[in-house]
Structure formats: structure tokens, C-alpha cells
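Relying on the hints, combine the two individually framed chains into one complex.
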Amino acid sequence: MSGQRNIAHGQDGTPEDVREVASMLDRLGAWERTSADDLRMQRIAHLTTPMPRGRFVNPSTVRVSSGESPAVVLRSRRALLTPMRIAAAIGIFATAALSIIAMRGGTAQKHQQGAMIATRDAETNQWTDGSFVLEELDSYFSSTSGELAILHQHASEFERAMSDSPWTPAEGESL
Amino acid sequence: MEQQPDTSALASDVIARAASGDQGAWNLLVRTYGPRVFAVAQSRLHDPDAAEELTQSVFATLAVKLTKGDYKEMGRFESWLFRVAMNRVRDAVRRAVRRPEVSNQDGLSIADDRDRSPTPPNDLLALRAAMERLPPLDREIVELRHHCGLSFQQISDVLQEPIGTLLARHHRALRKLREMLEHDRALGLESGLGESS
Chain P
1 MSGQRNIAHG
11 QDGTPEDVRE
21 VASMLDRLGA
31 WERTSADDLR
41 MQRIAHLTTP
51 MPRGRFVNPS
61 TVRVSSGESP
71 AVVLRSRRAL
81 LTPMRIAAAI
91 GIFATAALSI
101 IAMRGGTAQK
111 HQQGAMIATR
121 DAETNQWTDG
131 SFVLEELDSY
141 FSSTSGELAI
151 LHQHASEFER
161 AMSDSPWTPA
171 EGESL
Chain L
176 MEQQPDTSAL
186 ASDVIARAAS
196 GDQGAWNLLV
206 RTYGPRVFAV
216 AQSRLHDPDA
226 AEELTQSVFA
236 TLAVKLTKGD
246 YKEMGRFESW
256 LFRVAMNRVR
266 DAVRRAVRRP
276 EVSNQDGLSI
286 ADDRDRSPTP
296 PNDLLALRAA
306 MERLPPLDRE
316 IVELRHHCGL
326 SFQQISDVLQ
336 EPIGTLLARH
346 HRALRKLREM
356 LEHDRALGLE
366 SGLGESS
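Each protein sequence line maps, in turn, to chains P and L.
Residue 72 in our numbering sits at position 72 of the first sequence, with consecutive numbering throughout.
Residue 347 in our numbering sits at position 172 of the second sequence, with consecutive numbering throughout.
Chain L with its partners taken away, still in its complex shape (with noise of 0.2 Å):
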């Protein structure tokens, strides 16, 4: 990974040379993304080897895309990217939630595995637990905001809303989670509202 990469968004060029096989400019893509889906992955599945194994999944996607040239470059390959990584998290979401336990042949439990990831602080801790609470949409826009860094008009191409939507939407879901955080300091629980300043 020789490259050092970029939050924005890579030019139309290195997408290119990374369909056509260029490990550099793959490596690029990878490295400035990658990390942005695994958030998301990581967000939903608390363990940091599934969210990779998802990112995979999600890179290996686009390779079979952009090889086939299923990918017609228009200035939205982040909308393109999101909306692949979105897809498979929700499949991995409702896999999860059909599969609570799962034994391999030597016993183990895969959902004894699960959640082995490292605890975030304690308020960060509580702000996780209430996006929980979330409905699956407004957790989606926090998510794609907050998580993978996208503009509104990006997630309005990765979800299918009108921005106006979507800004309503976010506020409300904000409101919301700070709500369940005050409720959830008032019983006693951590949530870090009103002590980071």
C-alpha cells in the first residue's frame, strides 16, 4: 500500500485503472473506502472479522462489476460503492437474525464468537445501544452520515429519497437518540450528553 489515500472521492481515472487490474490504484480504492463500509459492517455486527469478511465481500463485488463493466462512471461511484455495501449488510443483518446460533463441527458456537470486538468508551458505548432503537431506515441515514461519511445527496442516491426526506429524517433520528441518551443518564446509565463540554 504505497499510496497514502484520500477521504474524497478518487478521481474517475483511478477507478478505472483499478478495473482494469491495477493493483496500485485497487489498493487505493480499497484503502480510501474500505474502512468506511467496514464502519458500517462493524456498526451492525460487533465484530470486527465479520466486518471485514462483509467489506471483502463488498470489494469482491465491485471487482466482478467494474470488470464487467457494470459500473458506468457518472461522477456517483461512492452512491454505487454505498449502495452494494448496504445491500449486503442488510442480507448479513437479516442472516444474523435467522441464524441466532450456529455450531461448527467442533463444537463451537458462532454466536458465542460473536461480539468479541473491542468495547468503544462508555458514552459511545450507550450511543450504540440506542441506534439499536432506531428505526431500520433513520438508522441507515445516521449511519451513511455518520459512519461512511456521505453527503445528503449521496444517501439519497444510496437509499432512493428525496433529500428534504432525508434532512427531516436525520434531525429526527438526532432528536431521537439524544432523548434515549438523557433517558438513559437519568436511570443511571453512561451516555457521556452535556459532560464532553
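Isolated chain P, as found in the complex (with noise of 0.2 Å):
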């Protein structure tokens, strides 16, 4: 059996005796590919395209409405259920004015939303990092309008987040 393979021809000197559960496994694994559509590849391309160090490039977005509760428009829009879903979902949506980045951090064991929060001043085009808790976007965007994002290159970090700590929303929890 060759090291080499050609997935495309399948031309791979499989012994004699499995060539035909080879030729299956081959149609099985076309087959499992058949859901990575296209519009999951952009999306999944429009979300982790790398950037350079410390800076925040197209962010993706969603609006918030003054006086709306983000948390809520977080949770009509998402269709999934784990806050990297809701990450992919964000990333469907438009481009921002003003952005703002919320994810869980560290402190998900005691059950309290952490947040990771970058804004875009609207008139210098700057970004600064700061670090809230989600419920002040509630108070932040009760006299604001403004866009909520989800920055990916924050994705391993808040992925490493959740990889220990299941996401179990606290009573009450809004998000």
C-alpha cells in the first residue's frame, strides 16, 4: 500500500480483501462532507481569518437598538444553543459603527458572566479592550444604539473557557 494517496481517485492499492469496505468508507466520508456547504466555509472563513496582534478588523456584528437588552436580541437571533454558536450566528450578521465584543471568561464556575468587551470609539476609529460583565451591556446599551460582536481572535481563549465548564446559564442568567 502506497503512502500516497489521491482522495480524488481513490487510486491507493488497497489489499484485495477490503477494497470494497475501502471504496464504502471512501463513499462515507464524500458523504459526511456533503453538509460543508459553502455558506458554512464563509461563515467559518469570515469568522477566523487571522489578524495581526492587537488589532480588531472587521469585527461581526450585531445591532442593538437603544434601549434594547442585547442579551435579548443575542437570544432571538441565535438559533443554536452554546456561545460558539452564538458566535457563528453573530457572524451572519452586518458591519458596525460601533462594536463591542462580550464573551464569557474565567469566571464561569461561580456562574457569574464574565465579559470580554472591545469598543470602537465611533469618532477616532480606535479600539480598547476592556473588561465588563455582561449585565453592563444592558446598562450600556439602554441609552446607546450600537453593535454587538464576537471578535475571533478571542476564539481560542474563549474556547478555552468553556472546555471546562459547560455552559449551565445560573438562574437567571439572561444570556
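Just to be clear, a hint being listed does not mean it is correct.
To be verified - Covered by chain P, per the in silico footprint, the following chain L stretches (three or more residues, Cβ under 8 Å): (1) 226-237; (2) 254-262; (3) 319-328; (4) 347-361.
No lab work stands behind these hints, which were simulated from the structure alone.
Cβ coordinates follow ideal geometry from the N, Cα and C atoms, glycine included.
Here it is as C-alpha cells:
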């Protein structure tokens, strides 16, 4: 059996006695890829494009109007359950004049919504980092219209925070 | 997504451009490798949305590592990528075992939300079920080979196992799968084995 293989043609020198099951496995592999459609790949590419360190470029956002609860907006938009999926869902929506990134931080074990937030000043177009809890977003958006974004350069940090703490919203948790 | 992907390895300059934030190069990279990462995730999770999430997390990790310069180009990008992917798959499987059922605040069960993917044809469904019964390493070898399209050299790089061992285990795994399908067929379950030609 050769070490090299052309997946498109399946010419792999598979031993005769397992050729048929190998062919079925190739078909199964192709079948498993059928849901990896262009929309999903575009969404992934959009959410994960590398950016130079320290810069916030092209965040994925969802608009929140003044007086709206960002948590309610997020919940109304999301079709899926976990925060990573919320990130994917948010990624579908438009670009921002003012963007905020919110994600659960390391306080998950205490069932407190930690948030890492970056804001971009609409006048200077500069980004600044900050640390808040998500509840503060409600306060922020009580008098301000803006957009909410998850910046994918934080995705791995976000994922680490999630990995040891399955997302089980605390009682009264709004997001 | 203006460029058409190729299933062969991407040139190192495309990877370098992708790492520097070239959107077109990154799109090409995701479109080339994304479906193959997705396939192994879908094979384990049986949920296209969860598979997308996992695939996204793999590329998010790649983006961070590429940006930080953690990847050194030595012509082994695919092996590096799929090593990240398999680590993520193992984590996801472990989490799924630890968290068989979790409810959200709306009372919806995440477990109920799983396995909502379209169902493969009966013969492939039987094969998929048989794969669940393979030892973990054998299953990974089969998935890396047939779902991700890696060469045995690349699988050797990913799993840190000698090629000879991988060849033998792959052959043995396929024989086991064939026997399981024949056994299931004898019990009246659809396998498709021996019916396709």
C-alpha cells in the first residue's frame, strides 16, 4: 500500500480483501462532507480570518438599538445553543459603526457572566479593550445604539474558558 | 469565495498570505481543508451544526497559532492542521461523554438537539455504526485516511505512529469492518457489502 493517496481518484493500492469496504469508507467520507456547504465554509472563514496582533479588524456584529437588551437580541438571533454557536450566528450579520465584543470569561465556574469587551470609538475609530460583566451591556445599551460583536481572535481563549465548564446558564442568567 | 479550492496541499505562500490576514488566501485555505475537518467532526458528532462549530474552533486556533508564528513551514501543514483537528475532536467526544444531557434556560435539551443530521443511505449508515465499534486509534486511522484524505505518511505525523503500524492497523480495521457488516447483514441489517457490484 502506498503512502501517498489521491482522495479524488481513490487509487491507493488497498489490499484486495478490503477493497470493497475501503470504497464504502470513501463514500461515507464524501457523504460526511456533504453538509460542509459553501455557506458554512464562508461563515467559518469570515469568523476566523487571522489578524495582526493587537488589531481588531472586521468584527462580526449584530445591531442593538437603544433600550434593547443585548442579551434578548442575541437570544432572538441565535438558533443554536452554545456560545460558540452564538458567535457563528452573530457572524451572519452586518458590520458595525460601534462594536462590542462580549464573551464569557474565566468566571464561568461561579456562574457569573464574565465579559471581555472591546469598543471602537465612532469618532476616532480606535479600539480599546476593557473587562465588564455582561449585565453592564444592558446598562450600556439602555441609552446607546450600537452593535455587538464577537472578535474571533479571542475565540481560542473563549473556547478554553468554555472547555472545562459546560455552558449551563445560572438561574436568572439572561444570555 | 472567489477562488476554487484544490484538494491537494496548498502552496506555502498561500498559507503565509493567509496567516498575514489575506482574506482571499484564508478563504481558500478554509474551503480546501474545512470540509475535510468537518467530515471527521460530523462522523463523531452526527450534527452538522456542532461539526461546523468544531471546524470553526479548529480554524480559530489555526489563525491564532499562525499569527503568533507557532507554525514553522516544513511542508507539513496538513499534518499540523489535522493534529489540531483530532485533538479538538477528542476533546469534543470527551465533553459529550461527560455531558450526555444539558438543558438550557429554555428547557431545551442539548442532547435532544443532537443527531439531527440528514441520514446517510442504509449501507453507509451500517458502516457508520460499525465504525463506532472500532478501537479509538483504529477509528482515527480510518477517519484520517478516508474522511480527511491523508496519506499514511501524514497520518504517521498526526498520530506519531510508525507507518508500518498504521498500515497494519488500517488493514485490520477494514477487515473488522467488513466482518461486522457481514455479520449485521446476516442478522438482516442493511450493509450494502457485496451488493454494489
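Hint check results:
no., hint, verdict
1, 226-237, "holds (count 10)"
2, 254-262, "violated (count 0)"
3, 319-328, "holds (count 9)"
4, 347-361, "holds (count 5)"
Of the numbered hints listed earlier, the single one contradicted by the structure is hint 2.
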